[in-house]
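Asks: Listed below are the residues making up each chain.
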Amino acid sequence: MFRYIMSRIGYMFVTLFIIILLSFVLMQTLPGSPFNDEKLPPAQKELLYEKYGLDKPVAEQFVTYLKNLSQGDLGVSFTFDNRPVTKIISERIGASAILGMQAILLGTMVGLLLGILAALRHNTFWDYGAMLIAVLGISIPSFVFAGFLQYWVGVKLGWLPIAFWGGFEYSILPTFALSVSVVATIARFTRIEMLEVLGQEYIITAKSKGLSSFEIIGKHGIRNALIPIITIIGPLIVNTITGSLVIEKIFSIPGLGEQFVNSIITNDYQLIMGTTIFYAVLFIVVVLIVDILYGFIDPRIRVAGGNR
Amino acid sequence: MDYILQVKNLHVSFDTYAGEVQAVRGVSFDLKAGETLAIVGESGSGKSVTSKSLVRLNPPESTRVKNGEILFEGKNILNITEQEMRKIRGADIAMIFQDPMTALNPTMTIGKQIAESIRKHTNMGSTKVKDRVIELLQMVGIKDAETRIKQYPHQFSGGMRQRIVIAMALACEPKIIIADEPTTALDVSIQAQILELLKHIQQQMGLSIVFITHDLGVVAKMADRVAVMYAGKIVEIGLVDEVFYKTTHPYTKGLLAAMPRPNMMSDELYSIPGSPPDLLNLPQGDAFAERNKQALKIDFIEEPPLFQISDTHFAATWLLHELAPKTVPLENKSEESMSSDFVLEQEHTTKENLILVKGLKQYFKLDKHNTVKAVDDISFNIYKGEIFGLVGESGCGKSTTGRSLIKLNDMTAGEVIIDGKDIRKVKSKKELLEFNRKVQMIFQDPYSSLNPRMKVADIIAEGLDIHHLNVNQRQEKVHDLLETVGLNKEHANRYPHEFSGGQRQRIGIARALAVEPDFIIADEPISALDVSIQAQIVNLLKKLQKEKGLTYLFIAHDLSMVKYISDRIGVMYRGKIVEMASSEELYENPIHPYTKSLLSALPLPDPLLERERKRIIFDDQSYEGRNRENEILREVRKGHFVMCTEQEYEEYRKTIKVVNH
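Chains as they are written, first to last, in full-length UniProt numbering: chain A, 1 to 308; chain B, 1 to 661.
In case anyone wonders, no lab produced these hints; they're calculated from the structure.
There could be a bad hint or two in this list.
[Claimed, not checked] Think about it this way: if two alpha-carbon atoms lie no more than 30 Å apart in a straight line, the pair counts; the simulated DSS-like pairs of lysine-lysine are:
| id | chain 1 | residue 1 | chain 2 | residue 2 |
| --- | --- | --- | --- | --- |
| 1 | B | LYS543 | B | LYS384 |
| 2 | A | LYS219 | B | LYS384 |
| 3 | B | LYS427 | A | LYS219 |
| 4 | B | LYS246 | A | LYS219 |
| 5 | B | LYS361 | B | LYS326 |
| 6 | A | LYS219 | B | LYS130 |
| 7 | A | LYS219 | B | LYS543 |
| 8 | B | LYS128 | A | LYS219 |
| 9 | A | LYS219 | B | LYS297 |
I would like the entire structure built from these sequences, with the hints used as guidance.
Replies: Right, here's the structure in full:
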């Protein structure tokens with residue numbers, strides 16, 4: 001198991017390097033620069049280029065960047081008064097993480113329930129109802145749902161704040177809006193997996209032992225259905241955390257997603273690179289955790305990993 | 001006599017989109033304490049549905065029990081609540097399922113799985129439960145039970161898993177065990193072990209067993225009484241000796257005749273024509289009438305009732321009616337009848353090598369350190385026009401050998417010469433085309449080996465299309481081929497799903513024949529088929545061999561079928577051929593201990609014989625541990641090769657001389 005994790009971490013660094021290289025080269029070769037202001041005199045522009053090392057060849061810049069990166073230095077932002085990128089990310093990530101985690105937690109739980117319900121009541125009103133919710137959740141964009149929530153719950157009923165960030169009550173509406181697609185994805189997947197598992201012979205075996213339906217689902221059904229679901233939860237978490245930028249904009253939440261969009265508009269190379277690397281690391285780590293978790297749920301994988 | 005279970009006039013149907021499937025139509029039987037009742041039938045006969053009905057395990061949404069009673073200790077199981085039913089399941093009536101690979105939950109330790117029903121039905125404390133689980137595992141022959149209870153199903157072999165499933169069924173000391181094809185997924189020697197275990201436990205605990213199977217050999221070994229099912233009805237029921245030796249129903253007779261017996265010399269197997277009826281639209285009268293050569297007029301009008309033959313023996317055939325004509329014995333003629341009888345007289349194998357395999361090795365690399373030696377240095381030859389059988393248990397390398405011969409694998413070492421050409425040197429496109437024309441393959445599973453989106457005509461003609469025949473020639477050729485394999489011209493425009501398993505296998509054979517090959521590799525071509533259909537396919541293969549002078553490599557695990565069809569046989573064990581001889585010689589004088597044990601483990605459809613037989617146990621471990629460097633295939637007797645050391649060779653020769661005197 002230890003060797004397995006170590007080799008996975010090795011691969012992680014290779015993946016990360018490729019991501020950094022590609023985004024660095026792409027960013028540099030695309031037209032435009034952080035100092036595009038037409039009012040800026042050429043002499044001053046050159047000075048700025050020299051200060052940030054942008055006048056050097058791309059290869060040299062890349063090596064310098066890697067050197068700094070290896071010491072945990074993501075550089076400074078070009079647009080935010082020379083503030084370090086790491087600081088900007090750490091200030092901004094809090095709101096995004098809370099929002100994302102809440103949405104994932106809520107979405108997974110509701111999704112699992114709906115999916116299991118649909119599978120148990122296969123081809124009945126319950127099944128069709130749950131799947132209707134799932135299809136709506138996937139096909140309606142989250143910002144439409146967000147606007148709907150803001151209008152009805154926020155404005156009409158006046159129960160919850162409709163924007164800004166401060167305290168738990170501010171996070172409720174955006175969490176709901178963000179979790180809709182999670183619910184839909186998880187519910188559809190759970191239903192399919194659960195139906196598959198319920199058709200397995202060990203379910204009939206369990207029934208022939210005299211267990212009740214509740215015990216059969218709880219002890220033999222869910223865990224086996226969960227194995228494939230775990231694989232999609234990983235990417236789903238990352239998608240939700242990084243993909244919350246629209247929701248963050250609508251609810252005016254100072255999150256990382258919003259920051260990322262702004263940095264792309266202003267060509268803030270350092271900030272773009274920093275955020276990209278942060279997202280990449282997040283993604284890779286989550287996938288690794290999911291794979292390790294997989295082994296804990298499915299003993300067949302655990303042993304195979306241990307032997308090699 | 002007290003009955004522990006009585007089934008009276010049970011009718012079970014399934015609602016499907018196409019309509020109502022009448023799976024069980026008026027089944028009645030009873031079960032005494034301590035006896036084994038075998039229910040025999042082919043797929044779709046309703047035997048599994050009947051057995052599942054006994055504990056109400058059929059899917060509740062689509063199943064309808066239309067009529068009947070199931071009395072367990074005087075209580076009608078069909079009328080009690082689900083809660084009461086759950087108290088009976090596992091505690092009084094337990095089940096053993098067919099496939100131990102899927103019957104166990106892969107994510108739960110076996111200890112927990114066995115303990116589950118104990119916890120459910122008793123109030124034992126957890127240490128007592130654990131002790132009981134260990135005791136059960138020891139009872140079913142699993143060593144180191146204390147440590148193994150913490151392991152997961154994938155850490156056990158197939159045979160061991162079936163033992164665990166049995167331990168699970170025994171956990172609450174049930175009165176009845178329903179075993180639904182419990183050994184079908186296992187190898188013969190493992191099957192023999194499991195059957196012996198079941199018998200032993202039955203005697204120990206005084207269990208009643210309902211044993212569902214399609215294998216008459218297993219029935220002969222296990223059953224006290226037998227019920228034969230066909231199209232949802234019991235057509236014959238009686239004591240095992242009555243059913244085997246005083247066989248009355250034409251279907252039972254047909255089933256028994258369709259099984260090859262090792263001492264059988266006849267050149268053709270009896271086969272029941274046609275295939276089982278569609279349970280959606282049952283024909284009028286007796287469901288078996290269409291396939292019954294002795295059918296009377298009344299068979300097509302009215303279903304026969306069960307006639308009583310003795311106190312214990314009943315059969316549902318009008319032949320038993322007092323007005324019926326006297327029965328004639330089954331004629332050994334079938335639709336695959338030989339075209340000309342004089343061919344039989346001829347020696348159809350000329351002693352000319354078509355295939356020569358020398359030192360074939362096929363290794364598969366798992367990773368840096370592990371290599372699987374699937375085929376490890378085997379040599380054999382196949383004469384022109386001969387059927388060479390390759391037998392062995394799963395994992396012995398027999399299928400790999402077949403795949404290497406047709407270049408599906410890149411062989412690791414060795415030489416394979418087919419019709420004078422080294423197949424390793426076949427490389428250019430033209431040579432490969434020629435090679436693929438000469439060598440064809442028939443696969444095991446007729447369901448997955450035909451592309452479901454292609455018409456039968458296109459499946460068959462795919463190999464022909466390289467030769468750019470015009471449309472008419474192509475069609476004519478396809479029609480010819482369909483007729484050769486016993487199908488009709490009209491079948492050409494249909495899709496595979498419209499055919500039964502046996503018909504699909506015929507399509508597979510027609511596809512192989514299309515390019516007029518010299519050599520056909522048949523990899524378990526009949527193991528997915530029902531007994532009566534198996535005989536049809538085997539007869540077809542034999543007929544084609546004679547008519548077209550084909551040469552076969554026949555790969556199978558069913559020893560009696562291999563013996564019947566093959567001229568010579570090679571027995572494989574762990575990647576090596578351990579014995580090779582003509583099929584009669586091999587069955588009469590098996591020499592290698594592995595061959596002996598395999599033959600003795602094979603259940604024969606003959607209850608008297610089965611009662612006397614002793615199984616020869618092959619010591620796997622000590623054989624593995626032995627230094628086998630000096631062992632090579634030596635010719636102990638003309639044409640009879642055995643893998644042995646110099647010393648063993650001398651011993652074998654001595655014993656053979658004694659036999660000869």
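Asks: Going back to the hint list, which numbers does this structure go against?
Replies: Numbers 2, 3, 4, 5, 7, 9, in rising order.
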